[in-house]
Amino acid sequence: MMNSAAGPAVHADGLTVVRGGRTVVDGLSFEVPRSTVTGLLGPSGCGKTTLMRAIAGTQAKVTGTLDVLGHPAGAAPLRSRVGYVTQAASVYTDLTTRQNLEYFASVLGLPRAERRGQVERALADVDLTSHADALAGNLSGGQLSRVSLAVALLGSPELLVLDEPTVGLDPVLRRDLWGLFHRLAAERGTTLLVSSHVMDEADRCERLLLMRAGRLLADGTPDALRARTRTRSIEEAFLRLVDTARDGDGEGDKGGKNEKTDTEETR
Amino acid sequence: MSATRTLATARRVLRQLAHDPRTIALLLLVPVLLTVLLYYVYADDRELFDRIGASLLGIFPMITMFLVTSIATLRERTSGTLERLLSMPLGKADLILGYALAFGLLAVAQAALATGVTIWFLDLDFAGSPWLLLLIALLDALLGTALGLFVSAFAATEFQAVQFMPALILPQLLLCGLLTPRDTMQPVLEAVSNVLPLSYAVDGMNEVLRNSGVTGDLVRDIAIVAGSALLVLLLGAATLRRRTP
Ligand SMILES: Nc1ncnc2c1ncn2[C@@H]1O[C@H](COP(=O)(O)OP(=O)(O)O)[C@@H](O)[C@H]1O
Ligand SMILES: [Mg+2]
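Taken in order, these protein sequences are the chains called B and X. For what it's worth, numbering that gives the first Met the number 0 labels the leading residue of the first sequence as 0, then goes sequentially. For what it's worth, numbering that gives the first Met the number 0 labels the leading residue of the second sequence as 0, then goes sequentially.
Here chain X stands alone, though its shape is the one from the complex (with noise of 0.2 Å):
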């Protein structure tokens, strides 16, 4: 692992997504946009739309990083710079790092925003300290980032990679407490709920929505979404190989 070469990968990240503005303009403003459609859809009831709001800032950094990951890295993979990268002095520790702290860099921003807006625009009323949406919201880009990473192995095409968005993130969206909270759902859903680790990131919103201080459960939801990013991080680097058939 060498921190020159990650933090190279990481600027080389960012300079490509500097030459989209776009992309860059629709990852922030979307989610900023659709908070402020849904404070209208929920005029008349706040209480619902507190929960659902502080549920969606933990939804939107999963979803957006995981899309641009799978369709960045399997770019990589089908134009040949993987290769070529493999072939070179380069750790797979140091590719993974990178693109992690590139999107994380992002999704801090998008969340910056997001959360900014929700809160002073929105009034919507957080017991705790922002930072720790910002916490959760960044762990939660990097639980993304590596599911992204990791299906970019599975898709042979781009069609194939945006597949894999409704395959692996809808199931966490339907399960994750936004719609139904958790424990009123069917027992075996719940079970189901509880191995999602969106479900934590959730969670976790939620937790600093009702209470001012650091609760034992934030703690517990802040590890286990961490603990699977790096899990899935892992499983990313597992699919990256020197050698290819």
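Isolated chain B (complex conformation) (with noise of 0.2 Å):
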């Protein structure tokens, strides 16, 4: 128990996972230590949400190390210790959206005498309450994907896997979501990992998984990152770390030597 506490949030090493007869999320090895928040960036149709999915549990064909919270990723003692939202709003938008938390809230066994304080917690968190009562199908996108959010929160889970959740919000909206996913990781201890396409958003983020093609390029601080690659941006370390993954392809194709041929680059 002790060092299961103490040991990173997810531990994956050699994480492999096929879809469709292809390799979409190839070799990786990383860690996301606890209580902060992690960025997982990367181009669309890069795998993002498949390895959110996998880390959730949801995921079919996954070879390799995955260890979430001390446990195999889909352990059953994960399901109420691990938040997933799903990059489209998974709730039901025939309830209201305090319905919607209720039901959720008794699936994930909370005690009959905390779930109207976790529900209430919850609405307030994603400045949902003016909105409590109104179905769900009524409200906007964003709103329903704080909604989305919202059940995530239900039981303070120690991970939380968003995928995607600023994307296509408001510049307010987003930075107080940001804002949000910091207080949860101060204050409750929450460890988070949050999926972008939009490089912009990784200055928000303390550590930075950075992908492309199933691939890891990169794994560090946004400011490591930047001086490694000496760019000022985390776009421009991105097509940095491209064009040398590209070179280094050149040598003959073995997985996972990704993290190795940038630090040859950056040396």
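In short, the hints are calculated from the structure, not lab data. Computed from a prediction, not measured in an experiment: that's the story for all the values here. Do not rely on the hints blindly, as some may be mistaken.
Pair ranges (Cβ atoms, derived) [as the list claims (entries may be wrong)]:
| id | chain 1 | residue 1 | chain 2 | residue 2 | range |
| --- | --- | --- | --- | --- | --- |
| 1 | B | A133 | X | Q159 | 41 to 51 Å |
| 2 | B | A59 | X | S1 | 19 to 29 Å |
| 3 | B | A112 | X | R240 | 30 to 40 Å |
| 4 | B | G136 | X | L25 | 14 to 24 Å |
Quick reminder that beta carbons are idealized off the backbone N, C-alpha and C, glycines included.
Two chains, each in its own frame: build the complex with the hints.
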């Protein structure tokens, strides 16, 4: 128990996922430290959702090592300790916001006495208290995705896996949500893994996992990444890393050598 | 399995329906109106009305619950709520029993209304107990729910899901004894009708129509409908996967 609480929230080694006959996540090795906000950045189709599904335990055909909070990903004890928010809002549009939260609170097995308080807190966290009794189907896209996020906050999970939670939101809301993510990490000790295909969100994260075409390009703090690639923005850093990886590919094709190539180049 | 989660699921499904009063009204009223229509169609032949009316009471619950469940669970699958639920501490049995409970309750209300109108206003003469009618209707509805849940795994869209209705239900309807008594059918057709569960629901209804007590045939009919519902529910459970490709 001791070391499971002390270890990283997510530990992956040689993580590979096959989807539709293709290897879409290819030999990833990384760690997500506890109580941090880690960004998973990469272009559309690079495998972010697949990786998150693997961590949440809903993805089939996962090989390699993937430990979440000290258990193999998808293990039964994790089902109430990991909150997963899918890219599309997964809530019932024919229920009100509060009815959605009440149902998922019961499914999570929260004691009856705590349910009401948890629901109200989740509503307040995503700033939807005033829309608690609106039919979810009548909410705007941004509001609906916040209902989906609120569901994941119920029961204070130790790890939150959020798939593109801020995409398409107005800038003020986006700032507020990132504020919430950092509050969750700082005040409740929650670990957050947040994906985005928008590179300017990189600086909102303490750590970054940069992905492209199923491979990990880099892993580190935004500052370290920029320093290492001698670039000013994460977008430039990304491009530099892609070029490096491409040059490296000429030497022969082995999975999981990207990080090594990066360090050689930036030396 | 957990009673709290099963009940919460049933309550959630009913709450979803409560936001859709038109569906509830259609579910409850259409069987009644069709029975009334039938009453006037067969105004000159009371005996035929009795037989067909009784059969229909065994057919409505299955058709309506099949449609409602296949669409409802298909939505769960496509909206991502199923993926979310299965990433949470919800047992597959909790989900399936929750659905069965909610739609079973609705089926009982539907059957009670249709049976009540048929017996008291259309003077259909049942020799047996109305409770037995309700029991058969309930099991039949569970069979419809189970089939709907099962086929939703094989439908990618709501269009496909409703097309399973004529594919799976109409053959049963043609062979269940509603149109011609099963024992006068061509032997091959009779053999097929012998393995279709709806045949036993309709036989059961007619058994209650003719006999005041609980006959051995009735017990067999009820057991077969219940057994089929259970079997298909288990098949439906097998289509729920925590990990998907
Ligand atoms: N259900 C699926 N079956 C087969 N391949 C899929 C499926 N979903 C996604 N893919 C493929 O997997 C790759 C990664 O997709 P995804 O993880 O959704 O990327 P991202 O979230 O970064 O946009 C893509 O090439 C996509 O085409
Ligand atoms: Mg994605």
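Status of the given 41 to 51 Å range, CB of Q159 (chain X) versus CB of A133 (chain B): Because 32 Å falls outside the window, the suggested range is violated.
Do the beta carbons of G136 (chain B) and L25 (chain X) sit within 14 to 24 Å of each other? Once the Cβ atoms are compared, 20 Å apart, the range 14 to 24 Å for L25 (chain X) and G136 (chain B) holds.
Please test the hint of 30 to 40 Å on the beta carbon pair from A112 (chain B) and R240 (chain X). Between A112 (chain B) and R240 (chain X), where Cβ atoms are some 34 Å apart, the hint holds.
Consistency of beta-carbon spacing, S1 (chain X) to A59 (chain B), with hint 19 to 29 Å: holds, 25 Å
Checked against the numbered hints above, the structure breaks only hint 1 and satisfies the rest.
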